[in-house]
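Chemist: So the sequence lines, in the order shown, correspond to chains A, Y and S. Sequential numbering from 1 applies to the first sequence in the working numbering. Sequential numbering from 328 applies to the second sequence in the working numbering. Sequential numbering from 837 applies to the third sequence in the working numbering.
Hints listed in this document are in silico derivations from the structure and should not be mistaken for laboratory results. Each hint should be verified, as a subset may be incorrect.
Claimed, not checked - Label pairs and their calculated CB-CB ranges: (1) S/H878 - A/H100: 37 to 45 Å; (2) Y/A674 - S/Q964: 43 to 51 Å; (3) A/I297 - S/V941: 34 to 42 Å; (4) S/G1005 - Y/P442: 56 to 64 Å; (5) Y/T459 - S/Q964: 58 to 66 Å.
Even for Gly, the Cβ is constructed at its ideal location relative to N, Cα and C.
Here is how the chains run, residue by residue.
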Amino acid sequence: MTAIGSAARFAPVRLLGRIHPSYAALLVLLIAIAFLTPNFLSPLGVMAFLRRGASLAIVSVGQLFVLSMGGFDLSVGSLITLAVMGSALMINNDPALTWHAIALVYLMGIGSGLFLGLVVSYLKVPSIIASLGALLSIKGVALAWSGGSPQGYLPDNFRQFGRVTYHDVPIIQVLPMSVVVLAVFVAICAWLFHGTTFGRLALIVGDNPRAADLAGVRVRLVRIVGFLVSAVSAVTAGILLGGFAGPAQDVGDGFELQAIAANVLGGTQLLGGRGSVAGVVAGSLTLTALFTVLNLIGLPKPLRDAVQGGILIAAVAYSVRRQGWEK
Amino acid sequence: MGAGLSMAEAAPRFEMRGIRRTFPGVVALDDVSFSCAAGEVHALCGENGAGKSTLIKVLGGVHQPDAGTILLDGKPVRLNHPLEARRHGISIIHQELSLLPERSVADNIYVGREPGRLGLLDRAAMRAGAETWLRRFGCRFGADAVAGSLSIAEQQVVEIAKALVFNARILVMDEPTAALDETETERLLALVRQLRAEGVAIVFISHRMRHLFAVADTITVLKDGKLVGTRPRGATSPEEIVRMMVGRELKDYYPARRARAPGAPVLTVAGGGNEWIEGIGFELYPGEIVAVAGLEGSGKAALGRAIFGAAPFSRGQMVVGGQAVRPNTPLDAIRLGIGYVSDDRKAEGLALRQSVLENALLAMRGIAAIFSRPGRTAPRGRGIDQLLREVDVRAAGYDQQIRLLSGGNQQKTVLARWLALAPRILVCAEPTRGIDVAAKAAIYRLLRAYADSGKAVLTITSDLPEAIGIADRLLVMHEGRLAGELPAGATEEDVVALAAGHQFEAAPA
Amino acid sequence: MSEAAAIAAPARARVRSGAWLAPAMIVLCSLAAYCVAAAATHQTGQISVDGFVGLIQRTVALGIVALGQTLAILVGSIDLSVATLVSVGAVMASWMMQGQPDMMVPASLFVLALSALVGVANGLIVTQLRVNPLIATLGVGLVLQGILSASFQDFAGSVPKEFQIFAYGTVGPVTLSILLMFALALVEWLALSRTRFGAHVYATGGNPEGARLAGIKTARVVVLAHMLCSLAAGLTGLYLASRLRSGAPWVGRDGVYDLESIAVVVIGGTVLAGGKGGVWGTMSGVILFGCLDAIFTMAGVDAFIKQVLRGAIVVAAVAAYAYRTKGHVA
């Protein structure tokens, strides 16, 4: 009786409650950035922000494919490093070799993703262990290859993906190439995840692999494709980062955890069964915005990691609460 | 047996008076009274959602009543927590057993009550104590056996021993016979009678009339959260109880059979065998329902899995639609036109957090090209929504998460998943396990209608009346082999005799 | 639930036995491989008491961490913050001591108290906030590492000579730290098999809901297990400070103690879901890893390639166990 009335009256409030708080957090952070950097709200500022966040967004969306089917891919950070270091070593400042090198690092990524997928689905190694092992091995390969210090140079035609910005674009004025890469990659992933049978199966496999198997779903194939997408996302992010920051042995460090954090912020359920590309993109931009704010107020990088750890816990704790309410 | 006499003299061990309990939007229990005396077996029945489990949870201290009182030995008590109920000697044995599969029987019996001093365990005392309980129940396994390696029935005995170690004077058994075959059920019912004789008050929840009438002194029926009535066993009949549960006469519980047009078999198995079964040979014809009966461990479940390629045949021949085949995975079998409803709905049937729709579409998704557009139209051109309406899945919407539906509606969704593919052979393992009477009747009708449409149905069931009621023919298994075949109209005695391994001349070669 | 599975196990019940067999086999095979490698590379000097003591000595840090990790995994949780906590322990110890012998006891007690506190925090986040333990301990590890790296950039302070006895002191041919590791293993084994706490650890990991209904305060068991796990990591930090003479904020991460401790626990037959496994399995896994490391060193494998192989071996070792599991893993 009265319950119905009050429910109707507070419907907008309840609707607000249903919005994931990471969007609210993103808004607050963006406002904070706008106050801290005067020209942020210009097309230039927004595009610079997107360019900074592009690689994390790409890896996070890749990670979504593995997380939604109940796994983890912790190898992406070292795969990014391998992509950057490997390209630098293979190209060695000879622009003619750029495209060969890009093809080769994608092949390496596909090989690594395929290997992880096979190990997880056929040898039944929990993906958290398998991908941690891959993290160690891939980092070892990158270090052994480069002899332990950054070597080689990346020519401009490689670095353009991370660095070049088109000017005089109508309406938005400027358009960094990395934002184009981001948009294309996210569009492809959104199609894969929301517009194909594969996407639906990924969620079902994350929910109950046994039931999926007994309904004729090729669970192993689904898992392998998931790891492939994640690996390809890491290589793509690596190519952007190589252009953005240049070769270094620690370019990829910590990306695996940031990608998981971005997913958690974006409403992906750990251990599978729920997630969306739009949510993850929002989650990764939230994280980028947060890092930007922490940077602007002068927090050293290690402390930014610490803040990230706290956020990870808080976000999962919140989503647990939220599920409790939904019951 | 004198149980009725002693019951009349004793004050109730517990009495629940006028219990009311509401949840947001639902009155789960409305003025329900229920009691049980020492040395009484009081059966509680009702369809799913009738309020049985809420009543049990109130007794077990999980839920607190909004109104009403609970009296233990005549004294009012408040049970605010499961542990408090436990301390009062109330023990509930849930359908999902709570044993530690990797630990020994002794560890399990004494979990949380380990004997010893200063935090040190007295292992000798645990083993001796456990052995005493096991001997009392006539068990053939020892206190050192690993719990997970015991059969479901044996695990249930361990659960009972565990409850009694806690000095349980009130024992609630929720569907204890659901997963048991006939001999195991007999053994369990004997144990229940033994406990009754020792003065334990027992609440026995079951869907199976035969088991209720075999053991209960009193039967109480709930419906829609209200008490329909309480009857002494001698003054009622299974028909009356079912009528009380459903609120109407259940006519045509088992749908009528139709004469089958003769034709070529859709499935032939010859000499089929694997790790669990041996020398399987039979034929399955379009338009018929064949039931496979047998004891737990007879290999009847393994037969279903072998045909479906989940645990494939390693020997022998299998012919589907005239072609020799060997499905090695479920996907192979599905492509041959075989569907399979698992006996473990939660673990093997459903993606619980996905929608009704996604669950119904799962088999179609499985055979679809992996990067295709996810459609929602069955190959026969009907939308999955229409199919879900036809099988009468009741949900707030087909986008609702399936875990929120009743067992019956979940099972109908699983059936819809297979009907969407229209397989020529549908294998159903325990198709009505743990669902209520009305849903059972609906499932029977669906299976019969499917057979009448020219498909073959193979049901594997531990529920004998169900096997006899629904099947055109019965296959009976014993120790991994087909013990024989019985025509429609066979009696339970015939089936039991075959299942127990007594050979006789009923089976045509 | 499937009948097929029920038949697969023979009708008669299985009795638990041979808990010693698999660990013993792992240890024997590892030591045999070590001897063969030593002979093949003409380093027969390694096949001696000193050689074996050196071999075990190099496993002490991993061994103590893994003993703690065993508890966390047995209750159905996991701890990814151990590597960071090892660094925290090592840095805090050497920074507080600054070479002063009279600061040894206060600094050690401080490190252990801090570790216990971190463990309790881990346990509370897992049980009270119900955060997935992987994320909870990962997050706590990030927070700790962030604060530590922001405060210390390099080796901080030093430990006095007296404190180095912890790592280098000997009793006969064996070092104190090796004895400590085996003593801890023995105590943990007794606690798990002979005490009520042990029974509750297995019950909590094997069936949390059942354990709770049996009156076990499962949250308390989980918190306690996390506290002991973190204490073991803190103790390892003290040991590393003693061995390296000073602590740096990367000693734990460089040792990959988080991943390797989980790997040896799993190799030792403890299931990641909890409720099954034990101490001696873990110790056998530790010795296997020690032998492999020694073999690579004798064979002169490059440090980075060694890292590649380490990763591969972790995966292969877990695969050897996991392959037999029915059903799916993610």
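Chemist: Kindly confirm whether 34 to 42 Å is satisfied by the beta carbon distance between A/I297 and S/V941.
Modeler: holds, 40 Å
Chemist: Using the Cβ atoms, figure out if Y/A674 sits within 43 to 51 Å of S/Q964.
Modeler: violated, 29 Å
Chemist: If I claimed the Cβ atoms of S/H878 and A/H100 lie 37 to 45 Å apart, would that claim hold in this structure?
Modeler: Holds - the Cβ-Cβ distance for S/H878 and A/H100, about 44 Å, lies within 37 to 45 Å.
Chemist: Could one say that the CB atoms of S/G1005 and Y/P442 fall in the range 56 to 64 Å?
Modeler: violated, 42 Å
Chemist: Starting from the range 58 to 66 Å, see whether the pair Y/T459 and S/Q964 falls in it by beta-carbon distance.
Modeler: Cβ of Y/T459 to Cβ of S/Q964: about 40 Å, so the range 58 to 66 Å is violated.
The earlier numbered hints that this structure contradicts are 2, 4, 5.
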